[in-house]
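K.L.:
Here is what each chain is made of, one letter per residue.
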Amino acid sequence: MVAQAIFYLLALLTVGSSAVVAFSRNIVHSTFALLGAFMGVVGIYVLLAADFVAMVQLLVYVGGILVLTIFAVMLTQGIADVTISNRAVARAPALVISAVAAAVMIFAVFKTPWHQGAKVMVGPTTYGIGNAFLDTYALPFELASIVLLAALIGAVVISRPIDRRAQEQ
Amino acid sequence: MQKLVDNLIASGAFGAHPPRDIIYAIAIFVFSLIVFLGIAFPFAGVVSWVERRVWARMQSRCGPNRVGPNGFLQWLADGLKHVCKEDLIPAESDETLFKMAPYLVILAFTLPWAVMPFSSDLILADLNVGILYMTSVTALTVVGVLMAGWASNDKWSLIGGIRSAAQIVSYEIPAGLSIFPVVLMTGTLSMQGIIKAQGWAPWTWFVFANPFTFIAANVLYISALAEGNRTPFDLPEAESELVAGFATEYSGMRYLFFFAAEWGNLFIIGAIITTLFLGGWQVPAVSSNPVVMNVLQLICFNVKVLFLVFVSMWVRGTLPRVRIDQLMSLCWKYLVPISFVDMVGTAVWMAIWPEGNWIAPWILMALFSAVIIVFLGRVLHYFRRSRMELYLSPTI
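Listed in order, the protein sequences are those of chains A and B. Sequential numbering from 1 applies to the first sequence in our numbering. Sequential numbering from 1001 applies to the second sequence in our numbering.
No lab work stands behind these hints, which were simulated from the structure alone. Cβ coordinates follow ideal geometry from the N, Cα and C atoms, glycine included. There's no promise every hint is true.
[To be verified] Chain A regions said to be covered by chain B (calculated; three or more residues, Cβ under 8 angstroms):
#1 27-36
#2 58-64
[Unchecked claim] Taking beta-carbon pairs under 10 angstroms as the criterion, some of the chain A residues facing chain B (in silico):
#3 M1
#4 D51
#5 F52
#6 V67
#7 T125
[Claimed, not checked] Far from chain B, some chain A residues (derived; all Cβ distances over 10 angstroms):
#8 F23
#9 R91
#10 Y137
#11 A151
#12 I153
The task is simple: from the sequences and hints, build the whole structure.
P.N.:
So, in C-alpha cells, the structure goes:
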C-alpha cells in the first residue's frame, strides 16, 4: 500500500516535471524541471529493486547530462527571452506528428504481452550486471565504448582552435 | 537499523499482524530525523565554531571565545542571528528558483547520511551500492549551486555558480576513479562490506595495501576538498573577487543553509576516506558485548573522521587559493591520469599477488612514519623558538 502510494507520487513527480519541461515559457525553468523528471525515474528504478541502474541514472543523468544541459542553456545569450523558443510556427505538422507518435506508443503498450514475474526479485544486481557486460554482452559493451571514444575525439577536433598557418600550407 | 525494526516486529511490539510497510515507512522517517537533526546539523554548526577557533590559532588570533565556555555556543548564536534576519529576495531575481536552490543543496547534504557507517550496527541503510550512492547523490549539489547562481540575477552569483559547477563536475572524475581500486580489491560497493574487508590495524587498511591505493587515497582527498569548495579550491566564493560567490544575494536562513551544507560536507568527505582507506569503524574485539563494541566502533570512526576534518581546516589555514587555470590543469593533467594509473596498477597488483603482498604495507607505513617524524621534528623546532604558552593553552 505504501509502495503504491510512493509509486504514484513518483509518477506524478516525473510526469509533472516533464510537463513543465515541455510547456514552460522560460527555457531555464524547463531545464531545471528536468531534475524532477530524472529524480522521479530514479525513484521508480529503486521501487523496482534495480539499485545499480538507479544509481547510474543519478550519476550520469543528474550529475552529468543535466549539468551540461544547464551549462549550455545558461551560457547562451539572451536565453531568458521568450522569443527564443518559437511557439507559433508549424503547429499543424507538430500536432500530426505527436498524434501519430502517441498512437504508435499506446498501440505498442496494449499489444505487448507484458511479462509479469511471479515474485519481485529483491537482491543485489551489480554483480550480475558486471558479469553480463564482460561475458555475454562483451561485444555490444565494447562497441558502445568505441562509439563514446569516437564522440570524445570528435568533440576535441571540433572544439580545437583552427591552426591558420597549417591551413595556408 | 533494519535489524532493530525486524526484531521489534518479531517480538510482537506492534501486535500479532503488524502493518509492515507502514511501520517501515515510519521507522525510516524517525531514524532519518534522528540522524539529520541529532548528528548532521549540529555537527555542521559545531564544526563552524571549531574551524574559526583553529584558524584563529593558526593566525595568532583568539577567535570567537565569548558565547559560552570558550565560545562553544557561538554556532547557536549565529544560527539564531540568521533566523532572525530579514529573508531578502531581490526584486529582479527568479523567485521560484531562488527559493528552491538552498533546499537542493541541503538535500544533497542530507542524503549521504543514509549510508553513513557509524558502527557495525549503527547505519541507516547498508545499501549494496552504498559508495556509489554516496558519490552520486552529492552530484545534486551542482544543480543547487547553478540554480542559486542563475536565479540571483547577479554577475557575482553567476560567475560563482559557473565556477563551482565546472569545478565539481571536473573533480568528480578523479574522485570517482579513486574509489575503484578499493572496489576492485573488495568486490563490493557496500559501505559495511568495504569496512569488513579491512582490519583494525593500520597494516590491514587499504591505504597501505599497495602503492597505488596510497596514491588513490591522496587523490581522493584532494578531489573531495575541491568538490566541497574548500580552500585551496574555494574559487566559487572567493571573497576578494566575487563578494560571496553564488550565495551573494542570499540572506538569513537561506544563506545559512549553503554554509551548513558546506561545513557538514566535511564530515561526509572524512567518512568516505575513512570507510574506503582507513578501516572505518574496525576496532580490536575486546568485548563480546555488542553495545560496548558498537560504542567503541562509533568512537573509533568519529576520531578518524574528525582527524580528517581537522586536516582540511589545517589545509585551509595554510594554503593560498589556486587560480582557475591551475585548478583545471591540476584536475585534468595530473589527477585524472594519476587515478587511471592507480586503477590499472591495482588490477595488475591483484593479478600478481591475488592474496595481497604482506611486505608492501610495512614499507609504505615506514615511509609514512618517516614523513611524520620529519614533520614532528620541524614542529618541535619551531616550538622551541616561539612562545610556548601561547600555543599550548587552547582556551585563551
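K.L.:
Looking back at the numbered hints, which does the structure fail to meet, lowest number first?
P.N.:
As far as the earlier hints go, not one is violated by this structure.
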